[in-house]
Amino acid sequence: MHNPLKSEADAFRLVVIIGLGAGAVIALALLTEPVYGVILTAALIGLGTGFVWRESSGSEPHRTEVAQGDDGRHRVLVVANQTVGGRALLDEVCKRCKERGSEVFVVAPALGVSPLQHWASDTDQATEEAKQRLERSVAELRRELPATTGEVGDSDPLVAIEDALRKFPADELIVSTLPPGRSRWLERDVVEKVREQVGLPVTHVVVDLEAESPAT
Amino acid sequence: MESASIAAEHHHHGPPEANRSSRMDPQFLGMLLFIVSEVMLFGAFFAAYFFMRVVALEPGAPWPPEGFELPKLVAGMNTAILVSSSFTIHWALESIRRGNRLGLKLGLVATWLLGAAFLFIQINEYIHIGFSAREGTFGTIFYGLTGLHGAHVFVGLTLLTFATVRAFRGHFGPAAKDHLGVEVPGIYWHFVDVMWIVVYTAVYIL
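The listed protein sequences correspond, in order, to chains D and W.
When the first sequence is numbered by the working numbering, its final residue is 216 and no position is left out of the sequence of numbers.
When the second sequence is numbered by the working numbering, its final residue is 206 and no position is left out of the sequence of numbers.
You may find that some hints are simply not true.
Below are the DSS-like pairs computed for lysine-lysine, each with C-alpha atoms no more than 30 Å apart in a straight line [said to hold, decoys possible]:
1. Lys105/W with Lys131/D
2. Lys193/D with Lys167/D
3. Lys177/W with Lys193/D
4. Lys95/D with Lys131/D
5. Lys131/D with Lys98/D
6. Lys177/W with Lys98/D
7. Lys131/D with Lys193/D
8. Lys167/D with Lys177/W
9. Lys131/D with Lys167/D
10. Lys193/D with Lys95/D
11. Lys98/D with Lys167/D
12. Lys72/W with Lys177/W
13. Lys72/W with Lys167/D
14. Lys98/D with Lys193/D
15. Lys95/D with Lys167/D
Output of the computed footprint for chain W on chain D, the stretches with three or more beta carbons under 8 Å from beta carbons of chain W [stated by the list, open to error]:
16. 36-47
17. 168-182
Don't read these hints as lab results, they were simulated from the structure.
For glycine and all other residues, C-beta sits at the position ideal for the given N, C-alpha and C.
Turn these sequences into a full structure, and let the hints steer you where they fit.
Printed below as a string of structure tokens:
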């Protein structure tokens, strides 16, 4: 679930929207009768409530805010769930980052959290499983890229990415999924949505764990 | 969502870091919860206002009651002053995000001056408005609502004073964690602006 009010920029946007709405109400009330202003106010409150509901449920497209780095270092954000330890993903990250000495931040969303579990904060098991996957992956990456850190993210990959980008000033993203037909993220067009919402280069890596398993 | 992070180096001493039940910074979460409580406080005052206006008012009686006249134009200009201060504080934050310290300082000073001007004009309005808080229910609720908001402007100005002093002493930086001391008061200031827009529209216009 997306929180529509997470930063000063969100609050400022709210001021502008409410200011414009109030301006319309004031103009209408002064030009006609106050009762028409009341009617317009009620209509705008209804519209606003609907919009906030759609935005919080993720139906409305929005632009993700990205933290800005000030040291000129190349940074890569990696987002993966079951595939977080996949060979293809690790190879791709190393290929992109090793020569540049990049800083890598891995986000592993905690999977399988239902809305009820989310609201009841019953996410311990999902978080623990994601943490174990993440630890294996980070340990593997640190052999080649010492500046690798990671975090378990929100169960919604878009929210997890948004959270990570607020504090990690990434230059590019790598999103890893299972192959088409087996990936729920691809069914939900997660990669396309990330490209729309994040103004950064996004690389999609497909990891076929079944194909990799005989070799490991 | 509970978070679990893996740091690059393990040099942490002392008690373990607290688990966070939210993906938000604790400072942000604290400010948002505070604002929620403030909205409830304003809600109580608005409930009293609308009760007097809609339920307790005799049918056909004018609102505001005879003998009370509100300076819509002056208050409208004051509204413009306060709303413009939201733009200046947003500019200050955008400046520090880009590493522009001068923009941060100018934005904060401009915001402070606009907020102080608002408060000064409101006090001046009280002096010349021609009725007091003791003159009927309208006087009471008018001063209650606008005075409550004025108190919030004062608190906001106090927070901005701290942020401005820190900015002139070289604090704050482009990274998100390095300018929380401006961002959190900034959110509060936007809340104060939104509440005034609501107060002005409901009390002075509608």
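- Task: Tell me, in ascending order, the numbers of any earlier hints that this structure violates.
- Result: 1, 12, 13, 17
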